[in-house]
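Engineer: So you can see what is in the structure, the chains are spelled out below.
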Amino acid sequence: MTRMATSVVRTSWRQAGPLPGLGLTLGLSLTWLSLIVLIPLLALLVKSAGLGPAGWWAIASDPRVLSAMKLSFGTALIAALINTLIGTPIAWALVRYRFPGRSTLDALIDLPFALPTAVAGIALTAIYAGNGWLGPSLESVGIKIAYTPSGIVMALLFIGLPFTVRTVQPVLENLQHEHEEAAASLGASRWTTLWRVNFPQVLPAMLTGFSLAFARGVGEYGSVIFIAGNLPYVSEIAPLLIVIKLEEFDYRGATVLAMLMLIASFLILFLINTLQRRVARGQTL
Amino acid sequence: MARPSEHTSAAITDPAWLRWSLIGAAVALIAVVILLPLAMVIVEAASAGWFAYLDAVTESDTLAAIRLTLLVSVLCVPANLVFGICAAWAITKFRFPGKNLLLTLIDLPFSVSPVVAGLVFVLLFGSQGWFGPWLREHEIKIIFSTPGIVLATMFVTFPFVARELIPLMQQQGADQEEAAASLGAGGWQIFWRVTFPNVRWALLYGVLLCNARAMGEFGAVSVVSGHIRGLTNTLPLQVEILHNEFNSAAAFAVASLLTLVALLTLGLKLWLERRHGEGLAHTPRSH
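Those sequence lines, one after another, are chains A and B. First residue of the first sequence: 1, per the numbering used here; consecutive thereafter. First residue of the second sequence: 1, per the numbering used here; consecutive thereafter.
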C-alpha cells in the first residue's frame, strides 16, 4: 500500500502546481485510510473468500439468516419509502411557508444525527411499550408496535427522516419560481403546476434521500434492538444476528452474513443510483 | 396570516387549505417522530426526582463510562481532524490519478453497518483473528479493551471532517495558496495564514459532528467492548446495561447526559450555519 502511495506521489508531483505538501498529506491520508478502513475490510473479504462456495451456501441458505436478511431489507425499504413520502412535504412546508416555530422545527430535524442510537432506542421503546405514552391507545385499536417488526420500522423512521428532508430541502430552496409562474400564467392549476413542474425537479433529490435513508436503515442496530423484541425468524435483524453469531464464536457465520449484507446493499444502492441518474437526465422510467 | 415573504406572485402561492394542512401535517409528523422521543428522555430522567438522578449519574460505573467516552472522543477527534486536513489538502490542491476512487473510499464507512465495523476488528485482533495469537503471546489486549473501542469508533467516524472540508476547499480553489507560495511562503505558513482562516468554521463543524458520533456510537463499540462494567462500557453501552436490568430511571438519567451533548451539538451547529454559513460547504448535509 505504501509503495503504491509513493509511486502515485512521484508521477503526480511533476504535474502538480507550485504548492508543497502533496507527498506528506497524501501519504498520511493513504496510510491512515489503509490502517483504519481498508485493511480491516480486506480482512472481512479474505476471511469470507476462504470459506469456499460450500461454506457460503451452508450459511446463506440457513432459514434464520434468510429471515433476518429479509426483515432488515424489508423494514429498511418500507421505512425509507415512508420517510421519502413524509419528508418531502415536511421539506416543502419548512422551505415555502412561514409559521411560528418553523426555525426550531427545522433545527430539530437533525436531532437523529446527533442523538446516540441507544438513547433513541430506549425512548422509542418506552413510548410504544404497553405501559408507554402511545402504546396503550394504539393497542386498543389493535396496533402493536413495541416488540414487533412495526417497532423496527418506527425506529428506522426516526433514524432516516433527516436524510430525506435534508436532501430535498436545498433543491426546493433553489427552485426557479419562473417555471411555476410560467405554468400558472399559461393557465395550469396550482395542483397541475406542483405535479408537472415541481415534482419532476425534486424527484432526483427524493431518490437520493430514499437511498441514503435505506442504506442507513439496513445496517442500523442501536435504535432497533431495544424496540424490536429480537425474536428469531420474527423480529431479529441481520446486524443483531451477526452479533449473536460473534457471541457464539461463530466467526464464519458472522463474516458471511456481513458480506451478504454488504453485497446486497451495494447492489440495491447501485440500482437506485442508476435510476436516479436516468431521472435526473429527464428520461422516462 | 403568515405569508411567505419571498413570494411576490399570487399565482405560485399555494391555496390556504393546502398551506395549512401541509404545515399541520409537518408539525404533527416532526412532533411524533422526533420530539416525542426527546420529551420521553427528559420526562423519564426527571421522573425519579433530583436525588435519584444525581445518584444515577454519579454512580461509579457511570463515572467510569463517562471517563471512557471522553477518552475515546479525545483520541478519535484529533486523529480525524489531522486526517481530514491532510486528505482535503491532497485532494483539493493537487491533481493525481485515482482521486475519485480515494473520495469513494473515504466515504465507505458510511455505507457499512456499525456492527460490521466492529466485526472487522474482531476478525483482525480477536482471539481467533489474524493477529490474535501474536497479541496473546505479547499480552496485548485490543478486543474487549479500550484500543478496540477507539479503533471501531475511528472507523465509523472516519469521513466526518474530510467530508466538510473537501467540498468547501474545492469551491475555494488553490489561487490564494499559489499566490502565497509564489511570494515565498512555506507549506506551514501557507496552511496557517491562508488556508486555515478560510476553512476554520467548516473544520469546527466537522469536529462537532465527529465528536457527537464518537461519543454516541453504539453498534460498532458494542461488538468490540465485551461489556465489562466499569472498564469497557462507554455511556451508550451503560444505557443499554441499565435498560436491560430494568433500571429505567437510571438508564434515562445516563441517556439524558448524552441527550444534552446532542442538543449542545445541534445548538452549536445551528449557530455555525446562521453566523458562518458562508464559511461552510454548500452541500446537502446528511450524515
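By construction, these hints were calculated from the structure, which means they are not laboratory data. Note that the structure is a prediction, hence the values are computed from the model and not measured. Yeah, the Cβ is synthetic: ideal placement off N, Cα and C, and Gly gets one too. There may be inaccurate statements among the hints.
Quick list of the computed label-pair ranges, beta carbon to beta carbon [what the hints assert, rightly or not]:
(1) B:Asn198 <-> A:Lys144: 50 to 58 Å
(2) A:Ala264 <-> B:Asp175: 27 to 35 Å
(3) A:Gly74 <-> B:His227: 23 to 31 Å
(4) B:Gly230 <-> A:Gly74: 34 to 42 Å
(5) B:Trp188 <-> A:Ser61: 18 to 26 Å
(6) A:Leu85 <-> B:Trp20: 50 to 58 Å
(7) A:Leu85 <-> B:Leu35: 14 to 22 Å
(8) A:Arg277 <-> B:Trp192: 49 to 57 Å
(9) A:Asn174 <-> B:Leu108: 40 to 48 Å
(10) A:Leu271 <-> B:Gly230: 43 to 51 Å
(11) B:Trp188 <-> A:Ser185: 52 to 60 Å
Coverage of chain A stretches by chain B, computed from C-beta distances (three or more under 8 Å per stretch; other residues unrestricted) [to be verified]:
(12) 36–42
(13) 98–105
(14) 178–190
(15) 211–224
(16) 260–272
Calculated Cβ distances over 10 Å to all of chain B for the following chain A residues [to be verified]:
(17) Trp32
(18) Lys47
(19) Leu51
(20) Asp62
(21) Pro136
(22) Ser137
(23) Ser150
(24) Arg196
(25) Pro200
(26) Leu203
(27) Leu231
(28) Thr255
Engineer: Against chain B, does A:Ser150 hold up as non-interface, every C-beta pair farther apart than 10 Å?
Structural biologist: holds (14 Å)
Engineer: Per the stated criterion, does the least C-beta distance between A:Leu203 and chain B lie above 10 Å, as a non-interface residue requires?
Structural biologist: About 15 Å separates A:Leu203 from the closest Cβ of chain B, which puts it past 10 Å; holds.
Engineer: Falls inside 23 to 31 Å, the C-beta gap from A:Gly74 to B:His227?
Structural biologist: Since A:Gly74 and B:His227 have Cβ atoms about 30 Å apart, the given range 23 to 31 Å holds.
Engineer: Falls inside 50 to 58 Å, the C-beta gap from A:Leu85 to B:Trp20?
Structural biologist: Distance hint for A:Leu85, B:Trp20 is violated at roughly 20 Å.
Engineer: Is 52 to 60 Å a correct range for the gap between the Cβ atoms of B:Trp188 and A:Ser185?
Structural biologist: holds (59 Å)
Engineer: For A:Thr255, is the shortest CB-to-CB distance to chain B above 10 Å, so the non-interface label stands?
Structural biologist: Non-interface label fails for A:Thr255: nearest chain B Cβ at 7 Å, not farther than 10 Å.
Engineer: Take a quick look at A:Asp62 and tell me if its Cβ sits farther than 10 Å from every Cβ on chain B, holds or violated.
Structural biologist: Answer for A:Asp62: holds, closest chain B Cβ roughly 18 Å.
Engineer: If we take the beta carbon of A:Ser137, is the closest beta carbon in chain B still more than 10 Å away?
Structural biologist: holds (13 Å)
Engineer: In terms of beta carbon proximity below 8 Å, does the segment 98–105 of chain A have 3 or more residues touching chain B?
Structural biologist: holds (count 5)
Engineer: Could you say whether the range 27 to 35 Å given as a hint is met by the Cβ separation of A:Ala264 and B:Asp175?
Structural biologist: Cβ of A:Ala264 to Cβ of B:Asp175: about 45 Å, so the range 27 to 35 Å is violated.
Engineer: Is the Cβ of A:Leu231 more than 10 Å away from each Cβ in chain B?
Structural biologist: Holds, since 16 Å exceeds 10 Å.
Engineer: Can you confirm whether chain B covers the segment 211–224 of chain A, using C-beta to C-beta distances below 8 Å and requiring at least three such residues?
Structural biologist: holds (count 7)
The earlier numbered hints that this structure contradicts are 2, 5, 6, 8, 9, 17, 18 and 28.
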